[in-house]
Amino acid sequence: MNGVSSILSHFSRLNLKTVINHQIVRWRKPRTIPISKKKMFYVRKPTPVDPKEYKLLQLWTNHYSAEFRSLRKLFIEERRRLATTEAEAVKVSEVKEFEEQLSLNQAENEKTKKYRENDMEKALLERNLGLEEKQMQLEQMRREELLGIEEIVRREKESGQKFVDPKNLEAEIARALDQRVDYNFAIDAKGNRYKGGELVSPDAKEQSPVVLQQPASNEAPLQQ
Amino acid sequence: MPFMKGPAPVRRTLKYLEAGNIIFRDSIRIMAVNYNIKKPCSEGTRKFVYWQIPQIQHQNPHVQIVLFKNITPTPFISFYFMKPDHQSYDRAIYDCYNKEKDEIEQHVRKVFGKSDVTLQRESLARMEKANPANFGNRCDRNCICEVPTQVSCTGFKLLPQFMRGKYKWLKKEELAEVRAKVPDEKAFEEYWQRPY
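Protein chains in written order, with this note's numbering: chain A, 1 to 224; chain B, 1 to 196.
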């Protein structure tokens, strides 16, 4: 049927206090259908009202509503005021608490700073020591290098004295011709030379060949 | 279900993220962490960054978190926050040299995070605003009659006559007649037993 409100839970005999799920519809009959004959000129009787009682009740109801209204407004205003003041008080307390915590944080940072700076100093000292050692090593190496260079220069200078000039050219030539060199020696792994089974120069570190004695000028040179 | 990809993917799970307990104060806007990757003094900070930063960012989505690696010799965390006048900002630093991850977390929570009291107060305020017990226009329930164990909708299940104003004030004789037959308590019991 049209316009029947579906009252489902009315037909369910449940002991529980069920929630009613219904859809309220305005009228059962369509608007195009006229009012029924019975209802056409029906005038309802007004509810009986005692005028004195009515006046009293009106007065009391008005007083009650006024009081209730004023109380409600009072409570709302109080709640709003308390909410703002509470919120402000809370904010102030939070700000204060944060400042206290920041000062504690600063104190903690100071403690950390001490041993951090100690550690950093130690690390810096170690690093500097290491650098100094390296520097000393480098200087030592340079000194040794210089010594080596000086040695080389000295050797060259010494050998430079034996250089042949045009002045002593003739003498050097005669000396070279007169010089006899004997390579007929044995050598072991250590560089010791042996001749005829005997050690010739046990501590000799010279690389030059064994030089025979220069013969006298009247003797004939050795034939190779 | 396959394994999640990446190193320590538990950091990306919702359960882990919601377990974060550092919720910053409202004034804090930026958190900048300076740390080193290889130095032993920065190990605690590294672990803090690895494990805690996802949780912190999840719980504080409006705070910018910036990480600086290998820029400074020692690790520290700096916080930039607004002053009470809301016009200027200030900066606070926490030195994390040789600190453990848990130590850093506790300190950050204590100094820069909201306390348990504050969090409780805020949750109560939120609950007050959205009280599930409320009924009315913009609530879950429109009328108290929709709540189980409450009196049903009087539009469909009328209250016993002794509780209705119509009979109390305007139809006293009828009420008296009804009361003579059925006492009030029985009428009330019968009210609860009938469905409509």
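Since the hints were derived computationally from the structure, they do not count as laboratory data.
Any given hint might turn out to be false.
[What the hints assert, rightly or not] Pairs of lysine to aspartate or glutamate, EDC-like flavour, derived with a Cα cap of 16 Å:
no.	chain 1	residue 1	chain 2	residue 2
1	B	K168	A	E53
2	B	K47	B	D85
3	B	K157	B	E189
4	B	K166	B	E177
5	B	K168	A	D50
6	B	K171	A	E94
7	B	K110	B	D95
8	A	K96	B	D184
9	B	K114	B	D26
10	B	K172	B	E189
11	B	K114	A	E97
12	B	K166	A	D50
13	B	K129	B	D140
14	B	K39	B	D85
15	B	K83	B	D26
16	B	K114	A	E99
17	B	K114	A	E94
18	B	K47	B	E100
19	B	K83	A	E97
20	B	K83	A	E198
21	A	K113	A	E97
22	A	K114	B	D184
23	B	K157	B	E190
24	B	K168	B	D184
25	A	K91	B	D85
26	B	K172	A	D50
27	B	K171	A	E53
28	A	K111	B	E177
29	A	K113	B	D184
Here is how each hint holds up against the structure:
no.: 1; hint: B:K168 to A:E53; in the structure: holds (14 Å)
no.: 2; hint: B:K47 to B:D85; in the structure: violated (36 Å)
no.: 3; hint: B:K157 to B:E189; in the structure: holds (14 Å)
no.: 4; hint: B:K166 to B:E177; in the structure: holds (15 Å)
no.: 5; hint: B:K168 to A:D50; in the structure: holds (15 Å)
no.: 6; hint: B:K171 to A:E94; in the structure: violated (63 Å)
no.: 7; hint: B:K110 to B:D95; in the structure: holds (15 Å)
no.: 8; hint: A:K96 to B:D184; in the structure: violated (62 Å)
no.: 9; hint: B:K114 to B:D26; in the structure: holds (9 Å)
no.: 10; hint: B:K172 to B:E189; in the structure: violated (21 Å)
no.: 11; hint: B:K114 to A:E97; in the structure: holds (10 Å)
no.: 12; hint: B:K166 to A:D50; in the structure: holds (14 Å)
no.: 13; hint: B:K129 to B:D140; in the structure: holds (14 Å)
no.: 14; hint: B:K39 to B:D85; in the structure: violated (40 Å)
no.: 15; hint: B:K83 to B:D26; in the structure: holds (11 Å)
no.: 16; hint: B:K114 to A:E99; in the structure: holds (13 Å)
no.: 17; hint: B:K114 to A:E94; in the structure: holds (9 Å)
no.: 18; hint: B:K47 to B:E100; in the structure: holds (8 Å)
no.: 19; hint: B:K83 to A:E97; in the structure: holds (13 Å)
no.: 20; hint: B:K83 to A:E198; in the structure: violated (102 Å)
no.: 21; hint: A:K113 to A:E97; in the structure: violated (24 Å)
no.: 22; hint: A:K114 to B:D184; in the structure: violated (84 Å)
no.: 23; hint: B:K157 to B:E190; in the structure: holds (12 Å)
no.: 24; hint: B:K168 to B:D184; in the structure: holds (13 Å)
no.: 25; hint: A:K91 to B:D85; in the structure: holds (12 Å)
no.: 26; hint: B:K172 to A:D50; in the structure: holds (14 Å)
no.: 27; hint: B:K171 to A:E53; in the structure: holds (15 Å)
no.: 28; hint: A:K111 to B:E177; in the structure: violated (90 Å)
no.: 29; hint: A:K113 to B:D184; in the structure: violated (82 Å)
Hints 2, 6, 8, 10, 14, 20, 21, 22, 28 and 29 from the earlier list are contradicted by this structure; the remaining hints agree with it.
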